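There are 2 protein chains.
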Amino acid sequence: MDTISVDFGGTFIKIGLIRDGHVADFTDTPSYSGKGLTPRLAVVETIVAELLEKNAMTAGELNGIGIAIPGLVDATEKRVLSTNAKYNDAINFSFTRWVDKTFNVPFIIENDARAALAGEVFHGGAQGSEDAVMMIFGTGIGTAAMINGQLLRGKHHQAGVLGGHFITDHAGYMCTCGNKGCVEAQASNWSLPIVARERAGFNKSRLADADHVDYKSVVENARAGDDFSESFLEDLIEHWAAGLTNLVHAYDPSTVILSGGLMKSKDYLLPKIKARVLERTWTPWGQPEFLAAEKPEHSVLLGLHHLTVTEYRKTKGVL
Amino acid sequence: MDTISVDFGGTFIKIGLIRDGHVADFTDTPSYSGKGLTPRLAVVETIVAELLEKNAMTAGELNGIGIAIPGLVDATEKRVLSTNAKYNDAINFSFTRWVDKTFNVPFIIENDARAALAGEVFHGGAQGSEDAVMMIFGTGIGTAAMINGQLLRGKHHQAGVLGGHFITDHAGYMCTCGNKGCVEAQASNWSLPIVARERAGFNKSRLADADHVDYKSVVENARAGDDFSESFLEDLIEHWAAGLTNLVHAYDPSTVILSGGLMKSKDYLLPKIKARVLERTWTPWGQPEFLAAEKPEHSVLLGLHHLTVTEYRKTKGVL
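Heads up: the protein sequence lines correspond to chains A and B, in order.
Sequential numbering of the first sequence, starting at 7, is according to my numbering.
Sequential numbering of the second sequence, starting at 7, is according to my numbering.
Do not rely on the hints blindly, as some may be mistaken.
[What the hints assert, rightly or not] Simulated pairs of lysine to aspartate or glutamate, DMTMM-like, Cα-Cα distance not exceeding 20 Å: (1) A:K186 with B:D241; (2) A:K107 with A:E67; (3) A:K161 with B:E295; (4) A:K186 with B:E83; (5) B:K322 with B:E83.
[To be verified] Pulled from the structure, derived: some chain A residues nowhere near chain B, Cβ distances all over 10 Å: (6) T17; (7) D31; (8) P36; (9) T44; (10) L47; (11) V54; (12) D137; (13) R203; (14) R212; (15) R286; (16) W288; (17) T289; (18) W291; (19) F296.
In short, the hints are calculated from the structure, not lab data.
This structure is a prediction, so every number in the text was calculated from the model and none was measured.
Even for Gly, the Cβ is constructed at its ideal location relative to N, Cα and C.
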C-alpha cells in the first residue's frame, strides 16, 4: 500500500511517500510553526505533487494521507483541539475540507507522539510489542502509550500524550501549559537554559560559554568533565527517570521507547536512565525493555502510514 | 442477583450480602493484615455462613463471590501478584481452591481500589460516568482508572492502581515501595508523622500534642488556627493536587472521585483540592467533575458485586 505522511513538526515539516511500511521517498521543509499552519499548506501541496510525479504516481493511486500535529488531536472528528505555541491556527482548520479539495483520498490525523509510537511498534524497533510507552525528548517532551495493541486515546483524546506534563516536582518551574513542575518544565530543551542559569555555579561553568544551553551542550560538557554540567546532567537524569517511572506506573508497559534529539547520546544516556527507572519502578512481573527509537527521523511518518492503511482497510472492508 | 463481597482491608475485613446493587446485610471484623490472610479465613467463612443463615439463604443460591485485596491482582488468573506489608501470604494462596472448597460458586478477585471505582460508577455517586479516576486516601493512597466504561488493567494488571506511586517530588521522601517522592510518601496517613516531624516548628505546634499525626489531626488543628498545621495542610493540598493532576493527565477522565478517611472533611477540603487541580490541568475540552465517594464505606463491596454479576452473566450467557 502507498500512502503520503505529513509530519507537521515544530522546526521542519517532513513529507514522505511510504510504501508497505518503508519510506520510499522523502522531503522536508522548514515549518515556521510559530506563524501557523495555513501559510505552509501551499508548500506542502507542491512537495506532495513533486513526490508523486517523481514516483510516477497520481494522488488517486494513494491509499490515503496521514497528518501528524504537535497538539491535542481528535482523531475521530479529525480536528485539532489544542496546541501550545505551534500551529495555533490548526484549531479552527478543516483538514477534511483541505484534503478533500486537494487530494480527494481518505485521510487520518493524529498527535505526533502517538504516530511515532505506532511507527516504532509496527514498523520500527518495537515490533511485536503490544504494550509500550514512548517519551520523545524534543523542544518539549512528548509521550504516548499503547495498551494491548491499541493506542490509548481516552475520552477527550488526551490520554497518553500528556506525560511531559506529569508533575515530577510539585514546587518546580512554571510550564508553558500553565502547570508547575512538569517534567518538561524541568528538563526539556526549552527549559534547560532557564533551569541552568538559575543553578549555582553556571556563570563559571563551561556551559556558560556554549552557544546554546541544550541537551547537546549539557551532555558534551558533562562528558568533557565540566563539574557543573556533570552535576546538572545527573539532576536531569533524575527528572527524566522520574517522568519515565510515572509512565511505567501509569500504563504498565513491557517496552519503554526513548526518542528525540537527546537520544543522539543514547549509548551514554540510555543505560543510566534505564538504571534509575528500574530502581524506582514497582513491577513485580519483571522489567520492561528499554529501547531507543530505531527510526527516530521517520517514526512519525511510518506510524501515520500504519494508521492510514488501517483506516483504508476499515473503510474499504479490505483485510 | 445475590452475591457475597469480601473486602480484605488493611484494618477491617468487610463482608456484605449484596442484592441487586444494594447492601442487604453487612458485618466487619478486624483484619490483622500484617499477620497475613490465611489466619483470618476461618473467621470469614463463619461470618459468611452467618450472613447466609440470617437471610435464609444457602451458598448455592448465590450468583457468586467477589474478593478485594489491597495489592496487585491478576483478575484473569485470579491470583495476587504483589502486596505491600498487608496480607503478604496472599501471593501464594489459591483463592480458586479456597472458594471451590468452601462455597462452590463462581468468584472474582480484584484490587480494592479498582473495585471501589466500579462501586461508585455502577452503584454509587458516579453513575453514568464511563471515564473516571479515583483516589482513595487511606493508610496509603490507592487509585484506579476507568476509560470508556472499562476498568483499566494493563498488560501486567497494574495500570491505574499505582497512582499513589506516581512521583510528585523527585527528590522527596523514600516510599515503602522502594521509590522516592511518591505522592503517598509525601502526603498519606502513614507518611504524615514522618514528614510533619521533620518540618520546622513541629515541636511548638499544636500538632505535637495530638495523639496521632494523621489526616484528622492535621485538618482539625489547621481549622482551629494552628499556624504550623495550616501551612502543613496547604503543602499537603499541593501534593494531593499534584497527584490528581497526574491522574487527570494520564487517564483523561470526565469524573474525579475522592474517597477514604480524608474525605470526612470533604466540605472543607474538596473545594480547595479541586481548585488547585483545575489550576494545574490542561483540559481544553472543559473541566472534569469532582466528587467525594457517595458510599465510601461500601464502594468496594458494591464494586465487587458489579464485577461478580458481570462474571456470572458472562459465564452463564445471561443478559
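message = Run the distance test for K161 (chain A) versus E295 (chain B): straight-line Cα separation, threshold 20 Å.
response = Holds, at roughly 14 Å.
query = Are the Cα atoms of K322 (chain B) and E83 (chain B) separated by 20 Å or less?
reply = holds, 19 Å
task = Quick one: work out the minimum CB distance from W291 (chain A) to chain B and report holds if it exceeds 10 Å, violated otherwise.
result = violated, 4 Å
inquiry  = Minimum C-beta separation from R212 (chain A) to chain B exceeding 10 Å: can you confirm that?
reply    = Nearest chain B Cβ is 25 Å from R212 (chain A), so the label holds.
inquiry  = For P36 (chain A), is the shortest CB-to-CB distance to chain B above 10 Å, so the non-interface label stands?
reply    = holds, 27 Å
ask   = Non-interface claim for D31 (chain A): all C-beta distances to chain B beyond 10 Å?
value = holds, 36 Å
task = Please work out if K186 (chain A) and D241 (chain B) have their alpha carbons no farther apart than 20 Å.
result = Holds - the C-alpha atoms of D241 (chain B) and K186 (chain A) are around 14 Å apart, at most 20 Å.
ask   = Just checking, W288 (chain A) versus chain B, shortest CB gap more than 10 Å?
value = violated, 5 Å
ask   = Is it correct that the beta-carbon of D137 (chain A) has no partner in chain B closer than or equal to 10 Å?
value = At roughly 4 Å from the nearest Cβ of chain B, D137 (chain A) sits no farther out than 10 Å, so the non-interface label is violated.
task = Quick one: work out the minimum CB distance from T17 (chain A) to chain B and report holds if it exceeds 10 Å, violated otherwise.
result = Non-interface label stands for T17 (chain A): nearest chain B Cβ at 23 Å, farther than 10 Å.
ask   = Within a Cα-Cα threshold of 20 Å, do K186 (chain A) and E83 (chain B) meet the stated pairing?
value = Measuring from Cα to Cα gives roughly 41 Å; hence the hint is violated.
inquiry  = If we take the beta carbon of T289 (chain A), is the closest beta carbon in chain B still more than 10 Å away?
reply    = At roughly 7 Å from the nearest Cβ of chain B, T289 (chain A) sits no farther out than 10 Å, so the non-interface label is violated.
When the structure is compared with the earlier hints, violations turn up for hints 4, 12, 15, 16, 17, 18 and for no others.
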